[in-house]
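> Chain by chain, the residues run as shown.
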Amino acid sequence: MNTEQETQSIVVAHELPHPPEKVWRALTESKLVAAWLMPNDLRPVVGHRFTFRAQPIPGWDGVCHCEVLAVEPARRLSYTWRGGSDDATHYGSRLDTVVTWTLTPTSSGGTHLELVHSGFTAKNAHAFDMMSKGWRSMVTSRISDVIAKDDS
Amino acid sequence: MADAKADAIFRALADPTRRAVFERLARREHAVKDLTARFDVSQAAISQHLSALRKAGLVAHRREGRQAFYSAKRAGLRPLIDWISHYQSFWKDHMQKLETLLEELEE
Numbered sequence: 000m001n002t003e004q005e006t007q008s009i010v011v012a013h014e015l016p017h018p019p020e021k022v023w024r025a026l027t028e029s030k031l032v033a034a035w036l037m038p039n040d041l042r043p044v045v046g047h048r049f050t051f052r053a054q055p056i057p058g059w060d061g062v063c064h065c066e067v068l069a070v071e072p073a074r075r076l077s078y079t080w081r082g083g084s085d086d087a088t089h090y091g092s093r094l095d096t097v098v099t100w101t102l103t104p105t106s107s108g109g110t111h112l113e114l115v116h117s118g119f120t121a122k123n124a125h126a127f128d129m130m131s132k133g134w135r136s137m138v139t140s141r142i143s144d145v146i147a148k149d150d151s
Numbered sequence: 000m001a002d003a004k005a006d007a008i009f010r011a012l013a014d015p016t017r018r019a020v021f022e023r024l025a026r027r028e029h030a031v032k033d034l035t036a037r038f039d040v041s042q043a044a045i046s047q048h049l050s051a052l053r054k055a056g057l058v059a060h061r062r063e064g065r066q067a068f069y070s071a072k073r074a075g076l077r078p079l080i081d082w083i084s085h086y087q088s089f090w091k092d093h094m095q096k097l098e099t100l101l102e103e104l105e106e
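From first to last, the protein sequence lines stand for chains W and P. So the first sequence is numbered by numbering that gives the first Met the number 0: it starts at 0 and just counts up by one. So the second sequence is numbered by numbering that gives the first Met the number 0: it starts at 0 and just counts up by one.
Warning: the hint list may mix true and false statements.
Claimed, not checked - As a list, the in silico DSSO-like pairs of lysine-lysine whose alpha-carbon atoms are at most 30 angstroms apart:
hint, chain 1, residue 1, chain 2, residue 2
1, P, K72, P, K54
2, W, K30, P, K96
3, P, K91, W, K30
4, P, K32, P, K54
5, P, K91, W, K21
6, W, K21, P, K96
Derived from the structure by calculation, the hints contain no laboratory data.
Next up, chain P with everything else stripped away, as it sits in the complex (with noise of 0.2 angstroms):
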């Protein structure tokens, strides 16, 4: 279940302009005008971009009047690398080894 979220990050971020605008975003919000200003491609395919990103977690948007504001989501990343919940399924699936290997070794 984490894999397949962690897919669909890792699969929004393939794209370098995508990635470049998550990183431009993680630095700070930016509306969509200036975006397209910045990487020189026309505001719909920007508009597509932000809403895969959107899709993946990994950006927040707002509305000021007619201007739409975009900014990274840091914790959208999580997914990727969430220690906690890797450990906690670790343990438990190496306990149940354990208990194997008990079971074969000798007294």
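The shape of chain W in the complex, shown without the other chains (with noise of 0.2 angstroms):
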């Protein structure tokens, strides 16, 4: 997809005391993944399209479009997570990564979790894109907000 351009991933793994059924469950089912995630349609089937929605940042309305990857019950769940819309024309739509849930049963009996958010690129840290047209609106929005606490 994007061979040349060279990307980061971010891993975090945990250790958890319960079994991969059961961890499988929290990453799958929709309102237990908007339990400790966010509000979700998630369906763990290949190819569902879904979103995200997360509290708005600077820069980004919070809406993650995903579509999922892989699924191998209790073992791999994979999707793709897309930052702004398709159609938006500002830097939020430049987020195009993968996100990967990978459990490993432990000899306790619990599982060994990890994820791997990939795919982000220099432009992802960087904010050259900010010089487009995006940028202007967001600055404007986020002024009120600072000059709110200023008063406050």
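These two chains come separately, so use the hints to put the complex back together.
Here you go:
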């Protein structure tokens, strides 16, 4: 997809005392996912398109557009994670990443859970694109917040 | 911490003239005197705006003889939208929430 561009990944691993089957439920049942992550309409079906709705942050409306890429019950779940909407003209639309959860049973009956969020390019870290149209409205909207904070 | 930086940037860009100066510098480097002419304000006022932008890490300057030249530092906007550090703390926080949820969840 993007072979020339170097990408970066975020890796977060966690040992959980719960069996993989239970962890899997928390990763794939929409209601449970909403309880620890974000409101969503996730279904563990390859090809299913869904969204996560996060708190908007400066420069991003908070909507992640996702598509399920891989489902291996109690072992692996992978979906795309795209910031902004597909027709967004602002830089938020450039976030084109993949989230992969890998579950490995531990000898004590728990789960080694690993999250890899991959596909970040230099562009995602730097704000070069902010020079284009979008940054202005974002700055303007955020300014009022900053001013309000100063007043309090 | 990243928020404090972002606030400094927003504060620097809160002034419409400063924002216009920054946009102009984003296109290309300018000598201070050209900016003064362009914005029809005193050199002292422009210098103040430039100093505010510099403190927020948004512009760089260099001297050539008696002239000072300014240009925008695009990377200066980085604290506003550093996706990698955003998601790093995001996932760590939510992993903790997942753990709490699992404790409450029946087998």
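> So, for every hint listed, does it hold in this structure?
Hints and how they fare:
no., hint, result
1, P/K72 <-> P/K54, "holds (12 angstroms)"
2, W/K30 <-> P/K96, "holds (14 angstroms)"
3, P/K91 <-> W/K30, "holds (20 angstroms)"
4, P/K32 <-> P/K54, "holds (20 angstroms)"
5, P/K91 <-> W/K21, "holds (20 angstroms)"
6, W/K21 <-> P/K96, "holds (15 angstroms)"
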